[in-house]
Each structure stands twice: as C-alpha cells, then as structure tokens.
Amino acid sequence: MDIEKVEKVVKKKRTKFPEKLIYEIADAAERHDLNDKELDELVKEIKKANQRAGVENGEAVGTVAAQSVGEPGTQMTMRTFHYAGVAELNVTLGLPRLIEIVDARKKISTPTMGIYFDEEYSADEEFVRKIANRIGKIILNDILKDFNVNYANMNLSIEIDEDKVNDKRLEYDEIIAKIEKAFKKVEIDKNLLSFEPTITDPKHAIRELRLLADKVRDLQISGVKNIGKVVIRKEGAEWAIHTEGSNLGAVLKMEGVDKTRTSTNDIHEVEKVLGVEAARNAIIHEAQSTMEEQGLTVDVRHIMLVADMMTADGKVKSIGRHGISGEKASVLARASFEETGKHLLRASIRGEVDHLTGIIENIIIGQPIPLGTGSVGVIMKEKK
Amino acid sequence: MKGILKKISQINFGLMSPENIRKMSVTKIVTPDTYDEDGYPIEAGLMDPRLGVIDPGLRCRSCGSKGGDCQGHFGHINLARPVIHVGFADTIHKVLRSTCKDCGHVLLTEAEMADYREKIGNQIKNEESITAIIKDVYTVARRDKCPHCAEEQEDVKIDKPVSIVEGNYKLTASEVRERLEAIPEDEYIFVGINHEVAKPEWMVLTVLPVPPVTVRPSITLETGERSEDDLTHKLVDILRINQRLKENMEAGAPQLIVEDLWELLQYHVTTYFDNEASGVPPARHRSGRPLKTLAQRLKGKEGRFRSNLSGKRVNFSARTVISPDPNISINEVGVPEMIATEVTVPVFVTEWNIEAMKKFIMNGPNVHPGANYVIRPDERKIRVYDETKETVIEKLEPGFVVERHLMDGDVVLFNRQPSLHRMSMMAHEVKVLPYKTFRLNLCVCPPYNADFDGDEMNMHVFQTEESRAEAKSLMRVQEHILSPRFGGPIIGGIHDHISGAYLLTREGSVFSEEDVFQMVKHARMALPNATGKDWTGKQVFSLLLPKDLNMVYKAEICRKCDECLKQECKNDAYVVIDNGQIITGAMDEKAYGAFSGKILDSIVKEYGTDKAREFLDSSTKLAISGIMKRGFTTSTADEEIPREAKDRIEQLLANAEAKVEQLIEAYHNEELEALPGRSLRETLEMKIMQVLGEARDKSGEIAESYFGMENHAVIMALTGARGSMLNLTQIAACVGQQSVRGGRIERGYSQRTLPHFQVGELGAKASGFVHSSYKKGLDPLEFFFHAMGGREGLVDTAIRTAQSGYMQRRLVNALQDLNVQPDGTVRDNRGVIVQTEYGEDGIDPAKSDYGKVADIDRMIDEMRIKSKIGK
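Protein chains in written order, with this note's numbering: chain S, 1 to 384; chain R, 1 to 871.
None of these hints come from the bench; they were simulated from the model.
Source: prediction; values computed, not measured.
Wrong hints could be hidden among the right ones.
[Unchecked claim] Restricting the straight-line Cα-Cα distance to at most 30 Å, the calculated cross-link-like pairs of lysine-lysine (DSS-like) are: (1) S:K5 / S:K37; (2) S:K342 / R:K312; (3) R:K292 / S:K168; (4) S:K234 / R:K852; (5) R:K560 / S:K381; (6) R:K547 / S:K5; (7) S:K317 / R:K125; (8) S:K20 / S:K37; (9) S:K37 / S:K8; (10) R:K547 / S:K48; (11) S:K20 / R:K852; (12) R:K312 / R:K292; (13) R:K687 / S:K234; (14) R:K119 / S:K44; (15) R:K292 / S:K315; (16) R:K852 / S:K48; (17) R:K533 / R:K560.
Make a model of the complete structure from these sequences and hints.
Right under this line is the structure:
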C-alpha cells in the first residue's frame, strides 16, 4: 500500500500523524492486505490510541527523561573496554561511555570510525584495502625487511620489504619521496637504504645515531591525521573499515566513501564537520547504542530530550556546571547545584534578579513548583 | 490547611554599602568578650542582648518579641583599616587590571565603550548572561597605555588569596579602595558591576556586619560550660586584632607593626568568610579541627543549600524494616500498630462525623483507632490524654480538627532510597497490622529495588485533602505498573510467583477438583462451577484471564530451536491464549514477570490498571497456592551429576589445558602467529581465553544434559524465576576463568601470580582458571583467585554507584525545569523551546506500547475478529 493513500485517509479523519507512524501503517496495511474500509477503521482506531497516549500538558518530561537515563546507570558495568564487534579494536562502553557522552567531552577516550563505501566500490576488496592503507597510519618500520645500526661506520642501513609494500598497496616511489624529504643524508640503492646522522658534537655521536634510528623507524609514510590502526572487515556482502582514532572531515572527502553511512563516535567532530543537528543525532545514536549494548531499554524520547537540551542553543553543551546547569537563569538554581559561593557573589555585584520560575527556586522558598498539577490552578465556575 | 497568603515574586541580589550595614545594625560591637563573670552577656560584646534572643523565656531588647519569634538583629564592627573581601579578590584584580591607575577610566576607547555598552544592554534586556562579554572586556582592556589620559599602565597581579601587586609594589587595601572609588559610575557596567546595586569600592570592607546570635547560637554543655559557635570564635579574633590595630595606630606605632597587624586582620576577615580559600592556612579550633565559617555553611552536600533548602525535614513520617506479605494487595502497605498510633491524619470535624471523631478521642492516644491531638479553631493544639479525653470530647464541635490515628484505607506515601526514579515513591493504602515491620507485596520489590535482608523504608502521611486526591489518582502503585522508561511493566511476579505459575500450568499438571477449589479460594477468586472432573493447571490459570484475551507469544522457557514447532513445542514454550483460555504453553516470566510480562502488559494496556492490579493480586496468590500444593525445594542435590559426567568434564578440562600448554609452547617457540593489530602476547592471551572459555561452556553443556525439567533448580533457572543455567553449571561442573581488569589474572607476586608457580608461568591454573565446581569445592589457589575476582566486583559496584549517582544528579539538575506547554512544545522555565513537539510525536512513553503508539498488528487482528462477530 502506498504512503499517499494512507496520508489521504489520515487527512480525511482531520488528524495529523508523524511521518514514521504513517510509514508503519502503510507497512502493516500491506502485510495484512487491508481493504479501504479496514484501513479507514484502522486509522480511526490509531487516532484514538494516539490521543490516549499523548503527553499531558505540564508533564515533567525533563525529570522523567533524566531519571530514565540515569537509573539504568546503576545496572551498567564499569568494564571500560570491550571488544565491540571488531575483535581488534577497543571501544569504551558502559557507564564511562555514557558519562563521556553527557559530559560532551572534547577528547573522548576511544574515538573510532566506521567507514562504508558507495555501492560501486563496497564489494571491491582491492579498492577498500587501498583506501584503508591511505587512512591507516603506516610507519617505515611496518614495511622493513631488515634494519641495522652500524656503530662502526656510524650509519644505518635498512631494507624495504617489497612484499609488504605490495601487500599494503603502497607506491614505492612515494615512499622514497617521503624518505628523501624527511632525511637529507640518505643513500638509496633500490630497496637498500642507508642513513647517516648529522653529528654536531662528536661526544654524543652514538646517541645521535640511535635517535636517528628511532626517527627512521617512526617515519609515517601513509595515513590520515589522528587516525591510528585500521581494521578491514567484511560485513555481509560489503567491505567496511573500522579505525582507531577519528577524522571525519578528511575521510568524507575521500573518493568512494559513502557519506551517509560513514560515521564517528566523536560528537564534537560531528558537530564541527556536519553541524549541531548532526551532533544531536550523534548523541542520540551513541547514547542509545551504549544502553542497548548493555541490554537496557530506554525509550528514545528520553534520550532525544537529553540530546535536544544539550544542543538547544546551537552548540553542544555539557550536562553539568560548565554547561547547562552553569548557564541557568536563576541564581538559586545555580547556587544549589555546584560552586555555591561563586554564583552568589557574582549575582551580588551584577545585581541579578531571581524571578523564581524554576523548580529548585520554588522548593527553596517553600512554594508549590510550577510543574504537573502545580502548573495549573482551579477556578470555580460561576453560577449564572 | 491554609491557602498561600503571600507569594514571593522575585529575589534581588546586591552588595551592601557601609552606610547600609550601619543602618541595619542595632549596635556597634567593640569588646571581644562575650559574657561577664556572672554569665550575663556584655553590652557591645558579641552576645549583646540587642542582637536577639534564643531562650524562649526572654524578650528581645530590640524588637520586643519572645525568643523563637525574634529572628535576630545585625550588629556591626568598624574596622580600623579596610580589608579586601576574599570572595571579590579575583574581581577586584580584574577590575584594577582593566582600569587606569591614574584617571580611573576603564581602558577602552570611546568606540569600544559604545560597542560594549550596546552589547551588554542587549543581553540585559533579554535577561541573558553577560559573563562572556565581561570576560571579553577584561582581555581587551588589558592595555599598556590609558586611551584617556595616556598614562603608562603597570601590570597588576594577584597573589592569592587577597594581595594585589602592581609591578613590584603590593597595594594596601586602602589604596585598592581609592582606585576603585575613582572609577566613574557609568563605566561600572564594563567590568560587570551593576551601578544600581553595587559600587566597586564596596568590595573592600570598612565595616563588618555581625550576624545575630540566632545565626551562631552557643550551646551549654552538661558541665554548665558554654561552648561558642565557630563564627563567634572567628568574630572574637577579628575584634581582638581590630582593637590592637586601633590602639597601635592611635599610639603612633611604627609602620611595620601596623602593617603586620593589618595583615593579621585581613587574615581573620578572610577566614571568617571562607576558611578554605586557597593560599591561606585554615583557621583552626583549639582541638585542631578547621573552623566552619560562612562559605562552608553554604557549600556542598551538607551545606545550607543542598541540605536545608533543597531538602527539608518533615513530620508525619515513619521508618522501619520491611518484610514481605504475600496476602496483601500490591496497592497496600502493612503498617505496624505502633506506627499507626503515632503518625496521624487531620480530620475536620463536621456534624456528620462528630460522633465517629468522639469515638476516636474516647479511645485515647494508646488504643488503636484513637486520636492524639485536637486542634481548636483558634489553632490551639490540645494533646489527648487518657485522663483528659472526656473533657476534650465535651468541648468538641464542628470546626475543630481531630488528629486521628492512621487507619486501614488511608493513603500514604511509601519510599525507599535511593530514589532513582519516580517509582521509588508510590502511594499505598494503609493496612494496620501487628508486629513492627512495614509489610509489602512482593510484586512491588522491583520498582523499589527492595529485598528483605534488613532494608528499611519510609512512610509519609498526607495532611491535606488535595495531596491525598492527587496521590490517589497519580501515585498509586497500580498507576505505575508500566515504567515510563520503556513503556513495559516494571511491577510483576518474581521468584516463586514464576516457578509456581510454571508448575501450575505446565503440560501434564493435573489437579483434583477439590485441590482446585482450595487454590482458587486461597487466591480469593470467585469459585468456578463444579465440573466433577479433574482440572488441568492451564484451565485453573485461565480463570484469571479476561474472557476476550487473545495472544500468542514464546515463553521464557523457549530454547530457541532452529525450527519452531509452534503448538507442538516439546517444552510447552509456545503460548496460545484464545478467548481467555490457555490452549498451549506454560506461564513463566514472560507471562507476568516484572520487566517482561506479556500477559500483564497486555492487560494493563487493554483493560486498565484496576484490572491489572486484580490480575496481579490473584495470579500471584494462585501461583503461590499452586506451588504449595505441589511442593518446591532446592538443594545441592539438584546439582548432582553422575560419575560418568564428572569423568567427561575432567577429560574435557584436561584436553583444554593441554591445548593451552600447546599454545604457550608455540608462543615460546615464536611459532604463534599474531592477529592483525595485536602483539604476540595479546594474541596468546586471546587464544587461551578462547580455549578456556570454550572448555567451560562445554563442561556446562555436559552437566546440563543431565538436568531435566523435573529438577527444581533448573525450573527456576529456565522459567526466569531466579538464577541462570550458568550458575547451575558453575555449581555442578566447573567455575571457569576468574578475571581481573577484563583479562586473566596476571599480577600478585614477582613475575607470577603466586609463589607456588614458576617465574613467568602462563598456564591455565597459574592465571586463575578454576577447574573445580562450587559443589566439589575450590582448592586453596583457586579459592584465592576466586576471591580476587570477587573483590574486583565489589570495588566495581562501589565506584559505579558513586559515579552513576553523580551523573543522575547532573542530568536531573539540567533537565528538571522542562515541561510540556499547552501548545505541545517542551520549554524550560525561561521559555526557551527545547523541542517543538515532545519526542517528535507527542507520545508519552509511559502510556505507549514499548515506545510505539499502539501495536498495529494486534489492532488489525482485533478489528478483523470484531468484524467477523459483527457479521
């Protein structure tokens, strides 16, 4: 059954359904092969259900959301690292990860990316491997066959392993170019290279040589900034890359990368590259998958509200004294959370006024709170 | 029972000027002594009677009201020399850095001033924070040269906590004050000072307000000795130094001495405000304990804000140990008589209830449905004594309020800490019972997260009609069967309810009619018509189901076979309910257990909370009577496996160990191939873990193959009542690998786990693999490793509770002001829209079907059935 038809019926009933619900109805109608009359009836029933299940005005949705996200925290494991899907990569999970998300940390402990490819390339292992080697960090040490520090001649000789170079889909010439650029005193004879240290003080000659040895070995010959190890995996029919470290901006610019599915778990990076709206979705996705991985079910609406609160004014703010709680309008609300003295003193020189519209303020002064049944009054109907 | 007489509409914050401090003061304090030899407070001392009274007998010399009614009056101390207020030291530093040392103007050009003035004005108009702009000004206005008088500026630094240093010269507080005075009033705003309520020079104190005695009451010890409050101690110090400084100045003492005393005065005033300021040693009590001064009184968890203002102590509450009572409804709570006679409910006396009230008073305060107090219309409270009750009754008339004992049917609030979600506080109906514990139905244990190993709970009695009405319609237990977290049931059967229901309803469970009637009666259900035949358990349980309930689901005991045999399921795991009759399938956790009960879930959603409560009450009782008819017990005999099985497990573990040895050898010979992205050592660990994990699982499978559905422990594990198959196999077959920090145990002794092993030993046994079963018993080494793993678990839990508690506090604090507005938007208290429609569809998850509006498939099925009947 097509969507338009359902939409038409919904419109006829003078109601409005969210898009997702319309899709669900259409899907169900097709599965059960409903006729027009039945569809009509179904929409009527759902309209009733929709009204019954609606949120009531004044409902303290914030508190309920906070409790629903916070309460399962006690049941989560502290096990920081776990192998999530890919055996080779460590990813922070459980309570520490959830705290990281609501804190909106700038530097998360285990940034990671999932890189997927456009249809035309996704099954092409060769192509994916090539990209993987362009993304992943490869140092000279990874492609060496032989490495010798010659103290007698005060030089360093290395042999590049051609098999490894080919295996990693690297270009020999590019590697040589990189080496030549990084080191001045280098002699190149096909795969055999020898380096000489620049000795300024003969007393420290040996140290210089050793330092050079480390430098040579650690020379990065390929890779995107901030990305370390990469893992290539076959997921169903397609190939995908998982990385340790993340650089969404650079990866999305690469050819063949599917820009809709490729993602990172670094929320600030998503915000920087794709904007707040995307960051909001990233928060929802990350929080939800953290919960699900622990076997805990939390309604998306609660997580959405947390994410929306975090991104409400155009940038990602943390939950806590440096973010939302520190920017509240009320002096008393801020003072009763953290840094009591600072807020009171600042309020006094600024001449701040507390209008007592929030929850804690009203609790502090002993008045009913403006939520739920406290947000309405009752007026007796006058007799005519 | 009074309405709100006054409503506070706003609170203004500001600084106090020296004039204001003097104006509000009732007396100048000069003497550092408090009491004279006779124990009377000294005039102009810190306990001056004009500062207010605490003793209830005395009258206040300033306002004339009695002790308790007088809230106290401030005094003041004239400081011999000005001192800097610690809290503002930072601000003073920034202000001085941003203003000219000569002309006092803020170091901004005219153009910048106009620009910032507009920006700040806009923010203030919109009631938004100006902090960011002020911060900006502080950086821009750090100039080397004044744009107004071209004076060269020296760098102003702060030496924590209160010393302001310019270049190499330390400014005195008087000099600081002079500089602040020089700032023109219309430029205050650039440094973040509101000229209407504050002047920068007021941040340097010349006169110190002395709080009234009510703020710092002294306590009299048993010995008759008086012990003064920390604040009083600090004020004595200040007065003493102030006095000495004044005398020295008047006597024309050398500059050096005066400066030293001035410094000391600054120290005392600093610690009087904040005794934890960085850079100053905290002032200590004679015993060595740091004094609790003004900032410490407000700050932190035990401070005024969080402890006394955000949280308040209440009357009409009770707390005791909880214990289970399967015979009361989930809506009820058993209250010990002792508590019921102590906490009371106020009842308005009217001409219709006056006789009943008189009866209560007649019972007196000690006999159960009695009364403790009578409140007259003039608000005088009269205690009811056995001796006076007759006279009280005589005077009783409509308009009085009787505080009668708690009785059956009263609504109370019941709570268990930690109150992590709203289901931690629910309204129950009182049932007064003997003995001294609160009794609760077992089904409400999950939402409170309660057990009976000594848990205590609190009870609060509502005191107004509105609160009672609200609680009854919104907070009653039955209204909270569905959790707002995921839209499924959180209250439901647990433990024996589940194994009981399984034993009752499983295939082949047949009861004589007599037994059935006994069980039905025990569950307080309506007796069915006699059939004269034996009943199957499924028929008995079906009596509870609504007559038009239809559903199909897979039970918890489902083994997830590759191909589902549906109705022919050998485990009786395929539940089919047709018009309220269980056709196939046994009842277990999936039927009416907490968190996953499908039948319960469907009853709440289709038939309402009243029906659901009835169903839960009766079904759990039926299950209990069912389990009692059949008998149910468990012991280690349940985990007994035959010799042959033990041998097989032994063999299996020996093989696994050999394989581990092989791996280790391969590792030592460097024959092991590293996994991509892993070191050799890590690869070895992973492989060993895998081999040992498999060995444990296999040994479990062997043990499991000897366990049948007749085994009570297995029934509990498979129906979801308690425990898991893993627990059973650990008891019967093999405990398995103990882990610390997510891997095998590797530390403890030098280069090995314990001295019993060789250096660098990597074998299974040496890294915490426990071959034994719990039943067989662990050998000493295994026991030790097991304790290591167990300890890590305990530490983990302790840390987790602290961390998640703080996270939840932050979440609640950040989100609590959000609510749904009449236009459907979600806004905070400032009116900022956070969501244009709650959850993008305006559906309340608590009323939803696991997050969905409704189960569309079910709806269609029902529709079709209905239309069929219609035809």
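Here is what the structure says about each hint:
With a C-alpha separation of about 12 Å, the suggested pairing of S:K5 with S:K37 holds against the 30 Å cut-off. Proximity of S:K342 to R:K312 is assessed by CA-CA distance (about 24 Å); at most 30 Å being required, the pair is judged to hold. A distance of roughly 67 Å separates the Cα atoms of R:K292 and S:K168; the hinted pair therefore is violated under the 30 Å criterion. Only pairs whose Cα atoms come within 30 Å are accepted, and S:K234 paired with R:K852 is rejected, the gap being roughly 34 Å.
Only pairs whose Cα atoms come within 30 Å are accepted, and R:K560 paired with S:K381 is rejected, the gap being roughly 61 Å. Between R:K547 and S:K5 the alpha-carbon distance is near 36 Å, which puts this suggested pair outside the 30 Å criterion. At most 30 Å may separate the alpha-carbon atoms for a hinted pair to count; S:K317 and R:K125 meet this at roughly 24 Å. Simply put, S:K20 and S:K37 have alpha-carbon atoms about 22 Å apart, close enough for the 30 Å limit, and the pair holds.
Restraint check for S:K37 and S:K8: the C-alpha separation of about 13 Å stays at or below 30 Å, so the hint holds. Taking the CA atoms of R:K547 and S:K48, the gap is near 23 Å; set against the 30 Å cutoff, the hint holds. Note on S:K20 and R:K852: the hinted pairing holds, with a Cα-Cα distance of about 10 Å set against a maximum of 30 Å. Our distance criterion of 30 Å between C-alpha atoms is met by R:K312 and R:K292, whose separation comes to about 21 Å.
As the CA atoms of R:K687 and S:K234 are separated by approximately 22 Å, the hinted pair is consistent with the 30 Å bound. For the proposed pair R:K119 and S:K44, the alpha carbon gap of about 54 Å is over 30 Å, so the pair is violated. Proximity of R:K292 to S:K315 is assessed by CA-CA distance (about 40 Å); at most 30 Å being required, the pair is judged violated. The hinted pair formed by R:K852 and S:K48 meets the criterion: a straight-line CA distance of about 14 Å does not exceed 30 Å.
Simply put, R:K533 and R:K560 have alpha-carbon atoms about 35 Å apart, too far for the 30 Å limit, and the pair is violated.
Checked against the numbered hints given earlier, this structure breaks hints 3, 4, 5, 6, 14, 15, 17; the rest are met.
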